[in-house]
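Q: Got chain A sorted already, so can you dock chains B and C onto it with the hints?
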Amino acid sequence: MSSRLPQEGSRINREKTVDFRFNGKNLKGFDGDTVASALLANNELLVARSFKYHRPRGIFSEGEEEPNALMGIGEGPYFEPNIRATEAKIKQNMNVESQNHWPSLRFDFLSINNLFSRFFAAGFYYKTFMWPRAAWKYLFEPMIRRASGLGNAPRDYDEAHYEHIYHHTDVLIIGGGLAGITAAKALSDRGLSIMLCEKDCVMGGRYLEDCESGNRERYKKLHKSSMEILKNSKDISVKLNTTVTGIFDHGFALAYEENQHSDTATKKALWKIRAKIIILCTGAIERPLVFPDNDLPGIMLAASVRDYLQKYGVLLGDQLVLTTNNDYAYKTVIELKRRGIDVPVVLDTRTSSDDPIIEEIESLGVRILFGKCIGKVEGKRKVDAVGICSVNGQGTIEELIPCNAIAVSGGWTPNVNLWSHCGGKLLWDGESGFYKPDPENTPIGKEGETNMLVLGAAAGIFGDYDIQDQVPRKINQLASRLKIKSKRYIETNIFSKEPEKKGIPTYVIPHGASKEKHKKMYIDFQNDVKLSDLQLAAQEGFENIEHAKRYTTLGMATDQGKTSNINGIHVLSQILGKPIDRIGHTTFRPPYKPIPLGLIAGQYAKKLFKPIRKTPIDKWNSRKNAMWEPVADWRRAYAYPRGNESLEETLSREVLSVRKNVGLLDASTLGKILVKGPDAGQFLDLIYTNMMSTLKDGKCRYGLMCNEAGFVFDDGVVARLNEQSFLCHTTSGGADRVFSWLEEWLQTEWHHLKVFIVNLTEQYSQIAVAGPKARELLQSFKSVDLSAEKLPFMHFIETYIDDIWVRVYRISFSGELSYELAVNSNQAEELWNKLIKVGKKYKVQPYGTEALHILRAEKGFIVVGDETDGTVTPHDLGMDWIVSKKKKDFIGKKAFSLPYLNSSLRKQLVGILTLDKNKVLPDGCHAVEDGKAIGHITSTYFSPTLKRAIALGLIENGRSRKGSTLEFESSNKESIFAKIVEPNFYDPEGTKQDG
Amino acid sequence: MLYIFCPTCQRDCDETELSCGGQAHLIRRDHASSDKDFYKYLYERKNDKGIIFERWRHVYGCGKWFHTARCTITNQVFGSYSAKEVQPPKSILATIRRYRVDFKGWGK
Amino acid sequence: MIQRVPNKMDKITDDTFVDVYLIGSIRSLNIRVDQRDKKSLNIIKKNIAIELPSVQKTSERKGLTLCWISNDEYLLLNEKKENDKLFNEFKKQMNLTTGVAENTTDLRVWFLVKGGRALDILRKGVPLDLSKSKISKGSFFRTRLGEIQINILIKSSNEILVSVLRSHRDYMVDWFEVCTMRGTEINFDL
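Residue numbers (the numbering used here), protein chains in the order written: chain A, 1 to 995; chain B, 1 to 108; chain C, 1 to 190.
Chain A with its partners taken away, still in its complex shape (with noise of 0.2 Å):
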């Protein structure tokens, strides 16, 4: 039975209530309260059910390693699943929902998982399940899915703002307790930027909490001043709600910032940073003692019990059993007792301890048992009684004492998963029982320098006056390596050096306990493993600490293992009779702490999920409700249906208007680069297989390029606009591409060769103006003379069309007369609408991407990237002619040489025209013969201007197959049967680009 106390409370606010609701049933807190303390404070003592036996499960600690009181809070577009109890602060009508249940958190069908433990023990799913064959889909997978998984995923669009933020500082310090805050200070005033990070909503860590209560005015007095200190210095920052939860290569953290105070949408930001030195004062986690069925709700670490005390006012229960292993663990008692609560019997797995706490609370009449512990616990979804035994025994219940309540303490773990993360290396302290960092291996940054330092509890130093001994000594050293302005630091230690907390490292009791106990002795919560799993995965051959992690899932739920590490590497080295640093540890990743799928995307969701790179018709476009493709990051216009039509008419429509009068398309997210210098024809002589540098003035030249290996890159339209210039087009797609390849040989080959690169493709819009009357429809505009002899076919002229400025290339895509108007990307719209509009006594229509594919494939020419797929010579393609044979060198030049590329027996580009010519063959169907794929369809369109399917493919040896007819397999094994043809359906003799 826990409750809430009449008064106390540092972290509420009595004054202001809080409705919530829990499992559909109307609860109060107070603000202030997380959701874990409200459910104590209102009798919930059962608020969870575990992952793998559905066993019932209590709230068991205070902070983030809680393993058991996972909720789903929120609702509708705001719902998180996952969240820990012990960390989510309670909002006005805030919902929360218990997990992994069914039907409900009291009477969990599951549970019987738990009667048939014995068959779920460690790699059971490895093992069960294997035949028969068809079991799988309609038995073991639906029953397994219903049953794991952790929680329940959001079904709606996440309405909460998430961000991104960039941050650089010197020092980073993790952990806003003594250790942390004194390290702050010590630092200021050294010219350095400090930026510190509290988990928690408040700075002070433990220490108020944990301090004696005679000195509890002393520590106050010096919370207050060091926050003074904090506040006023220009140095330091702080961020509280921000977990670090993770550490990277040189020196960059990801943390994780969760302000809850707002009232309208949570904001969380994913704080990337990047610090020279990070210290971390990230504290330790008390751990539990491992003793039969220690799972039961209404059991908790002994700092825990005293945390709801003191900062919620909430007590866990009024019969409560203390078992540990150390003296620390004594202050829950003292705290309880001071308040008039029953604490029936202490258990303590030591022999005696001379502690003076220990007098103190025998004077307080508290009955103490040494070398005693549970034995087992009574009750079935709380804690009745406890049954005590020797620690040295089997387990045989001397005494059974009611209670309703209890608290476990075996001592505490040093917070170490930070300094792991990049490289930092842990040693044993045998003494103390926990590993610890190894100042002699530590992470390091990117000039191999240590650039981590652990401070206080991490570092397996707990005494209030130790730490404020250690840590300014240790700032004044790193000042001093550092050689930053190495003013000495001096603090006046307000603490007394107090006798060492003493424990004895105990992890299992009762030692002799019998295997059946085993399987009642819970290690890791979260993953309900159990003492006798671990046993079943030594025996079994996993003795590697990695590999029964695996074989067990021990720590490797969304809690890391925060409590059940150390405890798990015990048994496994008591199985093994290895001593424990034989054992090693698992290693500890990222991220310390679960963060939200939505802080990984940040702002760039929704609209900024990706870039979309807009042309400068785009807004024409869009007005014309033109269909979108993306091309690379662009979005291309890529039809422009009209009224009901329907897309086949659409397309239809906008060939015949490019074959048989004139159509304009937005051409201008094609690549534009600039190539001049002195050497700029050599430069391309390389880059190009065909020869660039005897193009002359004025003139157009189509290239190819290849990479080394060979294969078609790219291609487009060279223009030679002066003695030193040429402006390179490439596709739309590889531009950028294209661009960084020149860089990249201009500065790591043939840095000798006098040329400079610039990208122009977006200084520049083009429109394409194609038809039979595009030359009458240009020549409408006073001054402008497109006559054949004024700009045959291949060449360009700058001219001005009203006073927009244009370079006209004469070169076509689609076969038709055409013109390429190049234009200043500002006055692109004006142009596109000028000629819009003078149209129109030329029927002039738009047309997209779609359309200008098939008008190209009715010509036979290639897309890159449609016909070729990084596997395609020019040769494969039928272009023997573009590869020069007189230049020296060229990109490609050797590969061509190599007998591979020059078999017979590969793919060659074809036509393909079916047999039945309604028929338009799918996209990239194979080519079949006896059995075997011997090619595919690259590019199918039905033709309107011949108004049959066409298509282009790679065909082995397909040269030498024109004429004979093969048989292509669509995806639902339809045959299909086509001839092979010349890849050249309209117009073949070149007429009608001359108009």
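Derived from the structure by calculation, the hints contain no laboratory data. Zero decoy hints are in this set.
For lysine-lysine, the following DSS-like pairs were computed, each having C-alpha atoms within a straight-line distance of at most 25 Å: (1) K134/C <-> K231/A; (2) K132/C <-> K234/A; (3) K84/B <-> K39/C; (4) K699/A <-> K992/A.
Here are a few chain B residues that sit away from chain C, every Cβ distance over 10 Å (derived from the structure): (5) H31; (6) A32; (7) I73; (8) T74; (9) F103.
One side of the interface only, derived from the structure: several residues of chain A facing chain B at Cβ under 8 Å: (10) F248; (11) H250; (12) R274; (13) I444; (14) K446; (15) E447; (16) G448; (17) E708; (18) A709; (19) E744; (20) H751; (21) D889; (22) L898.
In this text, all values refer to a predicted model and were calculated from it rather than measured experimentally. Built from N, CA and C at the ideal position, the CB exists for glycine as well.
A: For chains B and C alone, coordinates are given in the frame of chain A:
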């Protein structure tokens, strides 16, 4: 997340500002080379555990290529230098030796 | 330094803690020049009479700003109509040498970010150290913001000019809208 010095911009760059170009100091083999040399140039790359020499481009910044020496075990970076160098400069090799006494030298 | 009085119409943020204005184009030339090419360097010196800026800096004179992009690349910005003639003449002269001066006015769009929180906004996407102490007036950075490339010209700690490719204009407007919402200020707690 590496933090690498760009010799052109004279500043450390977040790894996300850079693109890695793989092994440094490859020698281009042209049409006159043997098939074997050409194969090595195209496909054979070192994958050392320890010190490597690699190419980076400050693609979001100045756009320049440079080389670094880096330890693949600890990610310690021993310095950045010009992409025009055909082999690591002496100063870089000296830095490596200062930290790795058993370093045998470049290409060994 | 770039002088521009933001027009109310161009303001793209509302009810936020920082003001962002869409400026549009600024007349610009991309200059490429080899540091050993004395002839080209002389033309820069003679025609526009601006000292070459040092690494990641700008230098300016009479409404012309020269920004450092790389050791062989600069960006010249012209904010004053009076400079057009000079600007064009320089372009012509420069292209007679082995260097390059190419009009890139239409290539980018510019934004002006104003207010005490101007640097903070950029910290939500830019991996550079933008702490006030590290940034000086007249700095020019080329880096990334989220997934896109960005140029940052620091006029002062609370006035920053930012440019991206023109095709990213709408994306950048959206980015500013999302990242400047009230309640998303970057704050420290004590």
